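Put chain B on the given structure of chain A with help from the hints.
Letter by letter, the chains look like this.
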Amino acid sequence: MCTSADVRGQQKAAMSLQKSFPRRQYTLWTIVSCYLLAISDVVTTEERALFSTLASRLIPLVEPARTAEEAVLKARVLELLPTADQLISFLCDPATEKWNNLELATMRLDALVKSGNWEKVFDTSMTTLATENRDDFESWKQMAYAATKLGNDERTSALIELLEKRCKTRNGALAGVYYASLKSTEATFNAAKFYFENFGRQQCAFDDLKSYVEALDAQKWLAFVDEQITFAKSMEHATQNEVHILVNARKFHYLLDPDDKSFVDKNILLYNKLLTSLAFQDKLETDYFYGDDLIIMAATWLLQGRPVSSPVPDQDLVILVIILLETAASNDKHQFRVRLWLTRLYLYIGSFQQALGHYNALAIKNIQMDVLSHYLLSRVSTICPTWKPLISTRDIYDSNAVQTPYHIKKIYESGAFSQVAGCMEFGKRLSDSVNKGILCVEAKRVARILGMKMEGLGINPILRSTKWKENRDFSILYGSTPEETLENKYRIGPIQTGVWVNALILRETIIDEFLTADKRREYALALKELLEKQDLQSLTHVEKWSLETLLELSSIADSATVDGVAVFQTTLIEGMEKYAKLEETSLSWEWFHSLYIVVETAMISIWSLDSLVAIWGTKKNGKVVASIAACKKAVQTVVDDIKEDAKKLKLRRDKWVRDCVKRISELDILKKLDTSSIDIEYLIERIGRGQDESLTILRNTKI
Amino acid sequence: MNIRQATVADLPGMQSANLTNLPENYILRYYLYHALTWPQASFVATDASGRKIVGYVLAKMEEEPTDGVPHGHVTSLAVMRTYRRMGIAAKLMALALRGLAESYGAKYVSLHVRKSNRAALHLYRDTLTFEVVEIEKGYYGDGEDAYSMKKDLSLLEDVDSRTEDDDAYLIEAIGNLKLSEDGRVI
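Chains as they are written, first to last, in my numbering: chain A, 1 to 703; chain B, 1001 to 1186.
Check the hints yourself; a few may be wrong.
[Stated by the list, open to error] For lysine-lysine, the following BS3-like pairs were computed, each having C-alpha atoms within a straight-line distance of at most 30 Å:
no., chain 1, residue 1, chain 2, residue 2
1, B, Lys1052, A, Lys149
2, A, Lys283, B, Lys1137
3, A, Lys671, A, Lys489
4, B, Lys1052, A, Lys210
5, B, Lys1107, A, Lys409
6, B, Lys1052, A, Lys120
7, B, Lys1115, A, Lys365
8, A, Lys168, B, Lys1052
9, A, Lys633, A, Lys648
10, A, Lys671, A, Lys233
11, A, Lys149, A, Lys120
12, B, Lys1115, A, Lys283
13, A, Lys283, B, Lys1052
It should be emphasised that the hints constitute simulated quantities derived from the structure, not laboratory data.
None of the values given here were measured: they were computed from a predicted structure.
Isolated chain B (complex conformation):
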């Protein structure tokens, strides 16, 4: 598959991924708002033909951070079922986090995940090393609780000290993602 920056033209396809995978269905305006305000933080994954959107990540900067620290928030992440378990979500997240840090100066990033979503929890907590900050009761529209999670992005700021192998560095820097010799995310 291919990963590229999300565009407005992707929105119908992104809605398909969202509606079949997640119970939260954001209104159109919200999608556009992300893509147009923080274009460097939202990405899509397409199938081999490049035509079908098989996954996406929408991320943004908090516009009025309560703690005064510029930080990002991952609004939505989804990968179509047919394309799961191939590391697409991790790669989408890696790019989003990099975009937030490099393009918008985010010091850390936060997100929410359903308590029952084991797969997502594993991705964020174990693979990407987000830490659980608190449980927000009844966060979701259907009343389910959410883990509020956070990850420090200060390591990504130091662009100058990066090696030539930028993406490999980034992926390793972001968390427990390791690359094997043959380039697989372990």
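Next comes chain A alone, as it looks inside the complex:
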């Protein structure tokens, strides 16, 4: 039952064992499995209540708890009951507190906060912070909030006394800021000031204060942080602490002064000077330099289209930003965020190999692939079809299918009950991961375009689902300056959701079953319904066109007529010519994406029409067959034209590189940056080469 993640089965098996062999262990298993059922999505509301009641009724049979894990299990079961009284009573019982278990302590505070028992929240938090000396920010926060809610002089005084006593700890100082934010803007300013004076040298200072200072007078705050920037010797000899304060101050400028035209220039000049600083020279090989954030800020400022001292033409913007980031990356090999940005931006301009280089340098492995591989592999089949990164990423899901059942069994055996729900959820999140669905679809398309046999890639069929789980991280790029608008603007198309996956699965199934009439019709109907009823925001225009074209093909398979084929030919060619326009000056992922989908659609169309003619044999009207032949020829002509244009573009590459280098070198912003660590011409040439590789693959596709 663990192997198949069948929670109902687990519960039945555990109950049988418990009844037949009333051992303590089996009773615990029964409680665990009832709990898992109660929190799962496979039960009805009535069953949920039933199983949670059953679990709570079994608890007395295994009391007293022999381990903290059993105590946590009891708390989790009590959490399911309609009222929180029993849970709070149990969590606040001295016998429970004696376990000294952090999980129970966290649950205790959460339960008290939810119950609105602010006196108890205050007292519990005070015990944690003052008596147990456990420096927990959540306790600070809830205590401050409780004191404000209660408005009780004695408790307020106790809070203030503790805040003053602990003001030199980071949590204490930050709690002071939080408490002040509940009072007044002036109090917040003073508390934030105190925090920055004491902790401005910490890299986390900006993150900690960000949400509070947004409510303050921006100019007043910026004037204050600028005063904190000091250098014992000089900026060129800055220590790590001095660099941290400087960068944190610049981050506040980024946040609060979005109209400063000199922001990028200043950041670049500061970065140049800091390259000789002690902070940069003395850093460990495996460390990264906080001053890089100056370049990241300059880069994101430019990408956001904020004011600059000298304008940058749109066509050169992304390449300029790439140069900035490559400078930072070349000076600082272990820079995670710079490399992730470069991965995204190279892919954005269709230079996959450069994106791959930086992505590989990040050494993203294992479960992180589920979360982050979309930075490289979004729509990869239509930018630069490549199968190795797809397959290695896809492997983690196969691995999970084997490992999770093993771990669930281990939990039952070892009694690590606090982990069981998380483990089940974790397994489900991976097996239903939307990224997994995307990768399987992409792998099939890559195999088709590259002319590879699917069997050799070991890709298992994947089914549609209504329960795709979203595990991808879309905000990791932004670090201390999150900007959702940037994510939307520089993503590789709309986020591919479960609808996208289901639509493409249907497409692949229709292609696979094209010659089996019943199945083809069934899936074509399902796809038609999806296109009509579902939210299609996750599809690009050309993707929608490709799906609609397939539906038309399916109609032809059902009832081919001369006119029908002629209409299909016209709409297909129109669509191909519309989406495969060559715009040399604005080569981007979108252009490659459209080209590949057009060519792939042509491939599928020709293959489908050929297959139909083959199975019809002599049964079909000669005129229909002739019209199909004409359609194929017309499609082939368009594809040949596309390939020819791609070839011409490749032959003009040298000129493109020269023109690009000339334009970029004349940008004022770039003249300010110390680019001695990189070769700009070589970098631009590599971008071109990356794009050419994609064009070469396209030209080598066989229709």
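Quick look at chain B alone, frame taken from chain A:
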């Protein structure tokens, strides 16, 4: 920041901390193995919002101790760069050592640290009073040597003689960590 017990749900976040901070990248199975077998010995630190994992410690008991003495091993410790130099690593270690001693009866704990990792060496040797037992040549995958270090945990066993100020006692008992009057780790 907050510190709490590591859960399976933390694993993606813990991998982020690991991949950006340490060259050793353990396979997923190994993380799960720790969290599920010795849940009281692994902890995470989160940022103020409680959502982002900013540090973690993974510890375990040696399953077949060669010397016959039950002892623990710290497999991995990492704190994200943005959150360093605030005593988070020391606090994570203090909790892990306590968990190993109290929940699993560890008599001592061992760990390995890269010879070049000055910050970690300072933490273990000077702050937490681990002693260097030997240098293991080529211990790490890239060929770097490791200091094998060890700390006696017998002081943590005596639960009954603890004062009310449990954590303060523990932190002081674990090593040279001292608490100032205002609660800071000195």
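Where does the structure disagree with the numbered hints, that is, which hint numbers, in rising order?
-> none
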